[in-house]
Structure formats: C-alpha cells, structure tokens
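Using the sequences and the hints given, assemble the complete structure.
So that you can map any letter, position 165 of the sequence shown is 188 in the working numbering, and since no number is skipped, the others follow by simple counting.
Possibly wrong hints are sitting among the right ones.
Unchecked claim - List time: in silico EDC-like cross-link candidates among lysine to aspartate or glutamate, alpha-carbon distance up to 16 Å:
id : residue 1 : residue 2
1  : Lys137    : Glu168
2  : Lys146    : Asp173
3  : Lys146    : Glu168
4  : Lys137    : Glu84
Hints in this document: simulated from the structure, not taken from any laboratory.
No experiment lies behind these values; they were computed from the predicted model shown.
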Amino acid sequence: AGDLVALIWGYYSAIFMLFGFAAPNIALVSYLHLLPLLLVSAGLLLNVNGLLSLARKSIWEIATAVLVTSVELFCIMAGASYLFQEYSFPRSVAVVAIPIHILLLSGWKYFFWKLEHGAMRPKRTLVVGTENSAARIAQTVRVNESLGYDVVAYCGQFKDENWEHNAATADL
Numbered sequence: 024a025g026d027l028v029a030l031i032w033g034y035y036s037a038i039f040m041l042f043g044f045a046a047p048n049i050a051l052v053s054y055l056h057l058l059p060l061l062l063v064s065a066g067l068l069l070n071v072n073g074l075l076s077l078a079r080k081s082i083w084e085i086a087t088a089v090l091v092t093s094v095e096l097f098c099i100m101a102g103a104s105y106l107f108q109e110y111s112f113p114r115s116v117a118v119v120a121i122p123i124h125i126l127l128l129s130g131w132k133y134f135f136w137k138l139e140h141g142a143m144r145p146k147r148t149l150v151v152g153t154e155n156s157a158a159r160i161a162q163t164v165r166v167n168e169s170l171g172y173d174v175v176a177y178c179g180q181f182k183d184e185n186w187e188h189n190a191a192t193a194d195l
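Here it is in structure tokens:
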C-alpha cells in the first residue's frame, strides 16, 4: 500500500511542481480518470519487477527494479492518456514524476529492506561440489552478505572421504 501511495503522491507532486497551486482543474480531473489504471499497472509492475519481496535481494537489485518500474509506468501512463483520450493530462507531469517516483519508491523500499534484513536470520548453509568450485561458491556467498546465507562448511569430493557423511554430520 505504501508503494502505491508513493506513486500517487509522485504524480500529485509533479502536478503541483509544474502548475503550482493554480493547477488547471482539467489536469487533475484527467489524472483522476487515469488513477485506476495507474494503481493496477503499478501493482502489476511492482510484482513483475520483484519489488514486493525484498528479503534476499541486494540494494542494487532493488534500485534497478525501482528505476525500471518508474520508466515502465511512465510509458503506460503516457500511452493510456492517448488511448483513453485524456489529452488534458500533460505528458510533462509524467516526465517530472519519474525522478519523484524513483526517490519516493527508493526511500520506501530501502526502509523496508533494512527492516526485513534486521529481522532476518542468516540461513546456515552447506555448499557441496568439487573442492575448487565449492570453495569458490562458499567465498562468493560469504562476501555477499545481503543474500542472507551463513556458509557453515563446504564439502569437496575427496577420494578418502565420503562427502555424504560430511554433509550428514555438518552442524546445520
């Protein structure tokens, strides 16, 4: 719900930034006609771009998804204003709304990302593979803390040892 409020607030802010408080009534009415499409499209785009679940994402994945969502929403709103013959909806409002959406959505998503990561316990993980690949994967996962995995051990395929025994006895 906060995502949609941020998007609605972004368009209202863009209208008032461009026109001040003397915004033409026709622009507001046109915006209100397009509002249901904005809400449905935004909900779908947030889901498609993976912005509804932030638990195992890095902050850069979230920032990229916010940017893509804002540009896609601009395309939908600009096209919808022609499709539904809402010619009084200024395209400049949609253009000015893009950076506002990016700022508001990024702030909102960052807040919830920090909240989710604060409450999230790392998953204890065992990496199984050849010795070189298991060590490489374990190191990569350890470096990327935003994934939320704690590599407890890794098992390579040794001739002397049984990796299934190592996996079964690992303290996970």
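Status of the hints after comparison with the structure:
1. Lys137 to Glu168: 13 Å, holds
2. Lys146 to Asp173: Distance of about 6 Å is within 16 Å: holds.
3. Lys146 to Glu168: Status holds; Cα separation ~11 Å.
4. Lys137 to Glu84: Holds: Lys137 and Glu84 sit about 14 Å apart, inside 16 Å.
Hint violations for this structure: none, all hints satisfied.
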